[in-house]
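2 protein chains.
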Amino acid sequence: MNPMSALKAYTALELPRIEACLREKAQALSPYVRATALHVLEAGGKRLRPMLTLLTARAMGYRTPDIYPLACSLELLHSATLLHDDILDGAALRRNRPTAHTVFGQTHTILAGDVLLALANTMVASYGKPALTACLSEAILRTCSGEIEEIAHIRDPELTLDGYLSIITGKTAFLIQAACQSGAILAGASPEMERIAAEYGLHLGIAFQLVDDVLDYTSASEVAGKTTGGDLREGKLTLPLIFYIESLAPEAREGFTKAFKHNTLPEGEVEQVLLRVARDGHAATTRAIAASYIEKARQCLSRFPDAPETTLLAAALEGMASRDK
Amino acid sequence: MNPMSALKAYTALELPRIEACLREKAQALSPYVRATALHVLEAGGKRLRPMLTLLTARAMGYRTPDIYPLACSLELLHSATLLHDDILDGAALRRNRPTAHTVFGQTHTILAGDVLLALANTMVASYGKPALTACLSEAILRTCSGEIEEIAHIRDPELTLDGYLSIITGKTAFLIQAACQSGAILAGASPEMERIAAEYGLHLGIAFQLVDDVLDYTSASEVAGKTTGGDLREGKLTLPLIFYIESLAPEAREGFTKAFKHNTLPEGEVEQVLLRVARDGHAATTRAIAASYIEKARQCLSRFPDAPETTLLAAALEGMASRDK
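Going line by line, the protein sequences match chains A and B. Residue numbers for the first sequence, in this note's numbering: 1 to 325. Residue numbers for the second sequence, in this note's numbering: 1 to 325.
Simulated from the structure, these hints should not be mistaken for lab results.
Partial selection, computed: residues in chain B whose CB lies under 10 angstroms from chain A:
| hint | residue |
| --- | --- |
| 1 | 33 |
| 2 | 87 |
| 3 | 108 |
| 4 | 111 |
| 5 | 126 |
| 6 | 142 |
| 7 | 147 |
All C-beta atoms in this analysis are idealised placements derived from N, C-alpha and C, irrespective of residue type, glycine included.
Between the sequences and the hints, there should be enough to build the whole structure, so can you do that?
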């Protein structure tokens, strides 16, 4: 079996267990927020973070079946941030479905986010491992800070590449890093191996968000489950757009950045920019940068124990650079 | 020196240390949410929760000065819930000042709440004590659930005394319980003594909220720092109002509960109800129930170690039943 097929088979085996654990935890929530929590939890994500926790822990020799609550706590934390983010962004759709706050209202959605965060914390605490709690609580704080940084730079055409990388590292990569690092901690890995697992997750997380930002420009909405051009319309300056702006002649650049800053871009021009970002290679350049992070992640993997799960983690990287949803 | 004067002197000594720790933590936050966090943190609360952590830990023999981050984490958690609650309640004033979301907007306020919660978690995690993390994360989950329960019963005239007690235990008492329990855990108290500390905090917390709910009916706004009658106007059925409704003749009761349920109570009648709750003894009856919880807390204290801080914790109870703000 080639590694990609093996990863698919492995995922098919583990996903139902992850889903069952998530459902069990959500069902135990207060009826008042249960539907809101289930709305975001059952939207059919890839469960990337729980799968990374499982694979990393097992690659490092962990065989105890008590791993699911930890793995699922990462998904609950992720879901909590989605609930609050969609309010902050005023987003109407996520994965082709109406966002929670448009269905259940803001009150339920703020509370459901708070309660998922709290629930995840109790699940992590239940392992009684200080290093695990420290890892996750630090990741949550950094994720919050990344979201704050992103919102602080809404409609900021001056955002640099470094500023952009800091935002995506904060809002996305730190939690993915924690997914891998917490797996290593649970497995009792050496400090050095824990550091390598964390670094693998960090690079993977950055690549994941870079590709996500490309898809916002290039993927048809029926594939990505979101409206294309959402970032541009919401005033989020992501890497494909940074490259696009850099490619403009001075006069055109000044006109565009002014319109972007003041949210006066006509819809016709939005469509034009989406086309040009794809056509003129800015999406492709961004994917190439994502590929460089995937390469860094691969180098980390080469120092993982020689285990079947390490091969599966490598297969996960394969799919990452080319993913179209 | 009588115990009440001793408590005042002790508080005067410790408050600056608590304030300094809170300020230091808030200053380290992202500039984007710092002002919002400081707005709620510098509103001049009593720092009841941190003081309880200090006093409980020291009553149980803890003398290490590393206690302030733990004590302050309770205040940060409390502040985080205030930020989100004021959005959910649509509250305009807190402690005579405009609420954070009316000053800084909803986005900053949701994020500031999230980041204070995350920050508090990292501060608790930094002690490396699983029991401490478990205690606090459980308290946060229960606090969320209490807030959810409260909102689920907005404008519900059928809310029973038991339902009401469950709400105030959830939204207020569990965090105050955790303030005391976490002090005991830090001090390495025996499981039995930890349980007694938790019980002391639980009863104190219930009494605290009962008196708070009385003050919403009886205290002039310049003393309480809130608009009197806020609970009635927001559709929150608290104990003084439950007693008032029970005192009505069947016809008047039906008219009032219908108007309460559908938010059609004329402002003139709101004023009448406020007057009657005070005049007809419903506020006093609620204070008497608060006193019974304070008595339970006092019984717990009688099993605390014979330490100066135990006397101060008793003095804190003295002031609680009679407080007017």
